[in-house]
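Novice: Sequence:
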Amino acid sequence: MSIAIVALATFVIFATHFLGAIAAYGSTLLALPLLVFVVDDLPLSVLALVVIGAAQSYQVLWYTWRDVGWRVFGRMLAVAGAGLPIGFVALRVLPERPLMIFLGTILLASGVSRLAMRNGDGAWKPPRLALDALLFVGGVIHGAFASGGATVVVYAQYVFGSKETFRATLCAFWTVLNTVVIAATVAREPITREAWILIGAAGPLSLLANWLGNRCALRMSQDKFMRFVAALLALAGCVTIFRAVCA
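In terms of the working numbering, the sequence shown has 240 at position 240, counting the first letter as 1, and numbering is strictly consecutive.
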């Protein structure tokens with residue numbers, strides 16, 4: 001990779017991880033299509049983002065762990081975690097494109113519906129069974145394609161009443177999930193020299209982005225934060241559908 005490509009890729013990672021650190025999700029989902037466009041290498045992009053994404057979850061959890069809702073965290077881990085090994089095993093038989101379009105539609109609809117509300121207090125809350133089903137399906141999709149974790153954010157929108165608990169519990173969840181995913185990824189294919197170059201260049205700036213994003217989140221009001229989360233969900237839905245249609 002040339003210096004110009006590394007510099008542009010570093011900027012992409014910095015910008016997307018800044019946004020992701022505010023909402024406690026979305027960094028990899030937003031970064032992947034842009035990074036693939038820049039470096040023109042999907043496996044390299046995935047490897048680099050897996051490592052940098054894991055570092056982000058550890059760092060933001062360090063800032064927020066006191067606010068983790070442990071009971072809900074355990075439920076999220078159990079239900080989504082049950083789908084994760086199914087996704088690993090069923091990777092070759094699951095239809096990726098229809099599932100990604102389905103996932104993107106859910107994210108887009110959830111984000112737009114929340115943005116249409118003046119505040120979250122009057123929002124309709126799906127039944128518990130539907131939310132648990134969304135968690136499980138997200139675990140399956142994430143195990144197969146490393147792209148289903150955003151369904152957990154839809155769940156979190158309806159469960160957590162404060163931005164502090166929302167961010168902290170999601171970060172705790174990502175920390176566990178990313179540790180499993182990075183172990184499975186490294187076991188399947190070693191991290192290449194090119195990936196290490198990208199990680200070395202973008203890693204330090206991504207840590208700065210995480211710190212800045214956390215500072216911004218602390219300054220946001222509850223209403224502005226949840227509207228930011230909803231907007232990011234809608235954007236993530238558009239990105240997911242675009243990737244599926246153009247794949």
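Everything labelled a hint here was simulated from the structure, so no lab data went into it. Check each hint, because a few of them may be wrong.
[Unchecked claim] Computed beta-carbon distance windows for the label pairs:
hint	residue 1	residue 2	range
1	162	85	13 to 23 Å
2	127	71	13 to 23 Å
3	85	189	14 to 24 Å
4	102	183	19 to 29 Å
5	115	189	13 to 23 Å
6	71	5	41 to 51 Å
The structure displayed is predicted, hence computed values, not measured ones. By construction, the Cβ of each residue, glycine as well, lies at the ideal position given by its N, Cα and C atoms.
Novice: Now, for every hint given, state plainly whether the structure supports it.
Specialist: Results for each hint:
no., hint, result
1, 162 <-> 85: 13 to 23 Å, "violated (32 Å)"
2, 127 <-> 71: 13 to 23 Å, "holds (19 Å)"
3, 85 <-> 189: 14 to 24 Å, "holds (19 Å)"
4, 102 <-> 183: 19 to 29 Å, "holds (28 Å)"
5, 115 <-> 189: 13 to 23 Å, "violated (39 Å)"
6, 71 <-> 5: 41 to 51 Å, "holds (46 Å)"
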